[in-house]
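Okay, so the sequence shown: first residue is -6 according to my numbering, each after it adds one.
In short, the hints are calculated from the structure, not lab data.
Fair warning: there could be bad hints in the mix.
For lysine to aspartate or glutamate, the following EDC-like pairs were computed, each having C-alpha atoms within a straight-line distance of at most 20 Å [as the list claims (entries may be wrong)]:
(1) 1 / 57
(2) 1 / 61
(3) 1 / 38
(4) 1 / 54
(5) 1 / 70
(6) 1 / 35
Beta-carbon label-pair distances, calculated as ranges [said to hold, decoys possible]:
(7) 41 / 74: 27 to 35 Å
(8) 64 / 33: 17 to 25 Å
(9) 45 / 74: 13 to 21 Å
(10) 38 / 12: 14 to 22 Å
(11) 52 / 11: 15 to 23 Å
Here a beta-carbon is modelled for each residue, glycine too, at the ideal position from N, C-alpha and C.
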Amino acid sequence: MTEEILEKVEVVCWFRGGAVLPCRFRWNGRVYRIARVSSSWESREGEHRNLHYTVSTMSGDAYEIHLDTGSMTWQLDYGYGST
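Start from the sequences and build out the full structure, keeping to the hints where you can.
Right under this line is the structure:
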């Protein structure tokens, strides 16, 4: 089941070799540890980039998150599974 969420989240990430690697995020008071980044891509919004990630958590659910590089904020866009 795909659920549109569109909520701001807090994300812990690594910056390594010019890449942003999300490690975990907090949503609704719960921390979700990211086991795997399945895909990543960029989109443009005006003069800044949005960095998108499809991630799998340790519990096996998948989510789509993105970093808005203009405001340096993260958003949880979609949940896939038992969100």
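Hints versus structure:
1. 1 / 57: Holds, at about 12 Å.
2. 1 / 61: Holds. Residue 1 to residue 61 sits at ~11 Å (cutoff 20 Å).
3. 1 / 38: 17 Å, holds
4. 1 / 54: Between residue 1 and residue 54 the Cα gap is close to 18 Å, so the pair holds against 20 Å.
5. 1 / 70: Distance of about 9 Å is within 20 Å: holds.
6. 1 / 35: 18 Å, holds
7. 41 / 74: 27 to 35 Å: Because 30 Å falls inside the window, the suggested range holds.
8. 64 / 33: 17 to 25 Å: Between residue 64 and residue 33, where Cβ atoms are some 19 Å apart, the hint holds.
9. 45 / 74: 13 to 21 Å: 18 Å, holds
10. 38 / 12: 14 to 22 Å: 20 Å, holds
11. 52 / 11: 15 to 23 Å: 30 Å, violated
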